[in-house]
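A.B. asks: Generate the whole structure from the sequences, applying the supplied hints.
Just so you know, the protein sequences line up as chains S and Y, in that order.
For the first sequence, UniProt numbering gives the first residue as 1, with consecutive numbering after it.
For the second sequence, UniProt numbering gives the first residue as 1, with consecutive numbering after it.
Be careful, since some hints might not be right.
Copies of the same chain are indistinguishable here, so a pair counts whether it falls within one copy or spans any two.
Keeping only pairs whose Cα atoms sit at most 27 Å apart, straight-line, the calculated DSS-like set for lysine-lysine is [said to hold, decoys possible]:
1) Lys154 to Lys72
2) Lys32 to Lys149
3) Lys261 to Lys72
4) Lys153 to Lys186
5) Lys2 to Lys262
6) Lys294 to Lys72
7) Lys221 to Lys2
8) Lys262 to Lys72
9) Lys56 to Lys20
10) Lys72 to Lys149
11) Lys261 to Lys154
12) Lys2 to Lys261
13) Lys262 to Lys221
14) Lys221 to Lys186
Hints in this document: simulated from the structure, not taken from any laboratory.
Number of protein chains: 2
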Amino acid sequence: MKDVYVVGGALHPAGRHYDKNIDDLAAAVLDKAIADAQADIEALFLASSTAELGNKQQLLGVYVLESLGLDKIPVFRIENGDGSGGAAVVAAYHALRAGEYNCVAVVGVDKPNDVLSNQQQDIYATTLDTHFERYFGFTPLSYAALMAKMYLKKYEYKYEDLARWAVLMHAHGAGNPYAYFRRPVKLEDAVNSEVVSEPLRLYDVGPLADGAAAAVLCNNKKKDGPRILSVTTSTNAVGFNARNEYDVLYSLEEAARSALKKAGVTPRDIAAAEVHDSFSIFGALALEGLGIVKRGGALAALREGDLPVNLSGGFKARGNILGATGVYQVVELAWQLMGREFKRVEGNYGVVHSMGGVDRVSTVIVVGL
Amino acid sequence: MKDVYVVGGALHPAGRHYDKNIDDLAAAVLDKAIADAQADIEALFLASSTAELGNKQQLLGVYVLESLGLDKIPVFRIENGDGSGGAAVVAAYHALRAGEYNCVAVVGVDKPNDVLSNQQQDIYATTLDTHFERYFGFTPLSYAALMAKMYLKKYEYKYEDLARWAVLMHAHGAGNPYAYFRRPVKLEDAVNSEVVSEPLRLYDVGPLADGAAAAVLCNNKKKDGPRILSVTTSTNAVGFNARNEYDVLYSLEEAARSALKKAGVTPRDIAAAEVHDSFSIFGALALEGLGIVKRGGALAALREGDLPVNLSGGFKARGNILGATGVYQVVELAWQLMGREFKRVEGNYGVVHSMGGVDRVSTVIVVGL
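C.D. replies: Written as structure tokens, this is what we have:
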């Protein structure tokens, strides 16, 4: 099988982009990523979570190609909810490993701010089971709150311990030119922010943001980009009512174990991780799911020191760009390892965690320089 | 690279299934296909076009797995509009060729009858460009009518020549136990049916139907199923206003040329084809796009004799199950080649044409016994 490298990339600043359509955002980063890679692409894998419900568009990739004049390029749209970005990287990786193409682009795009806030939440909730969860008013936020409550109680943490996540994310995001929020915040501001779903407060929620990211992946090493060492996607097909614990990301644990094993990398080797912290509690649980800290140990580790997690600023500071986020994470991690537009991390291995729904599907991508 | 075989399959009868949810339809065929293949699956590739807009569900595959108790199976949802089914087979093929899995399932499902007819048409039209086509009232039907008008005029056919498509499809569909309509129709009934978009009449339109199909694909030959010899996906990224001709399926021509070449198969070798005839004119244009007849020759060939195309009954008689159709077609073709639940075709090679939007993306899959 052929090796796969991250040969080029581009990020659109996260934010509210009322002046651009969803295909404009995607086309802009795709164009930049192709120029960055200095390679022709032979296929496009497009990740989006809200293209239909938010933007009334199927087949989005074709219209992105049309605006760039790229005729005949095959297109595959991947939807794994807010984990679409990671899944699209995996689909592209499969095609390159099989030698079907030499270079392909993966574009992640979502534009939640095209609809009002209450509609955004309803669309986001379609990642839950529509008959048994969304229909009864559950949302990703309400599940996250439930999980946070159980976690804090079980391991005897104070809310303040959880609030440190936002402080760390904002400290990291301040150095990311593509982040939605680029300013540090104080612990007391996080602790005193309004409650949105007890015990979660405003600073525990990654803001939904418009954005797009693109990576060009090739199965020959043209430039100095890192190699994708392994990928694994796993699902949690156990309903909330039947789970053993409510403070474990099972889909991540399974994907991480397999992906790290295939890559021959241990949690100790991980120099940087970009994890799916759509809500602060998921950031803590993701550290545990990846095996970087033991179960229950994430917030203690956070209290004790600076963690090399979400140097992008994570969902809290970079923003939650839904199905696009996984592609952001891959490009961010590649650039962190290369010391490009980010401070160079000390070490050669990094992991991406891209999740769809509340612990329903997780993709782990292990990258090495 | 590893070879890929169609090892098992299952089809849900097309129709109006008010008593079942979309995930019920998908779970039922997935369960049957796994039993048929007598193989464990290691990943699920789920194709759907309308899961979000029609059924308010992202991440549909996870909930299908949940209802079967299949935990930890990775899931990838592929959306290429009404061409999702073919694209999902391609994504699965890539993964198997790369040796990432030994056996995977491809499930196609859509349930258009969960919404009213006018809403169905609006959802279907989101496969068009939402800013420049759908917004101004274009629909797949209106484009098909435009293309039919130009084709009939250019090649001096009468409407009656086009109406023969429906007669042939109903003749074939009468032998398909999974078809929506299983009765033959007379040419005069087709010719005298009501106009829905001049020159197209009711019998030129494949009825939107609820349904699901599943194929189990493996990269080792466990049973006597046919091999997937090649796959190609191509796009037409040229807007309607800028196209050279309005009676050519360019995305199909490109995909067919490439797929047949890779398989070492000529159009003359094709013993059976399942093509995307969502409207009768597309059936004629698909025969030409595949190279089975020359441009402009499809309706003359149809007048002259029985063609081995859409032995399932096609979209007109089997039904248009949107993003699921490509998976139906692969299973139907495999069974036609094997003489299983269909009359055995004379020959060993078949092709599937799965299209998204109006000539926006086409996948061609070449299968050999």
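A.B. asks: Can you name, in rising order, the numbers of the hints this structure does not satisfy?
C.D. replies: Numbers 2, 11 and 14 - these are the hints that the structure violates, sorted from lowest upward.
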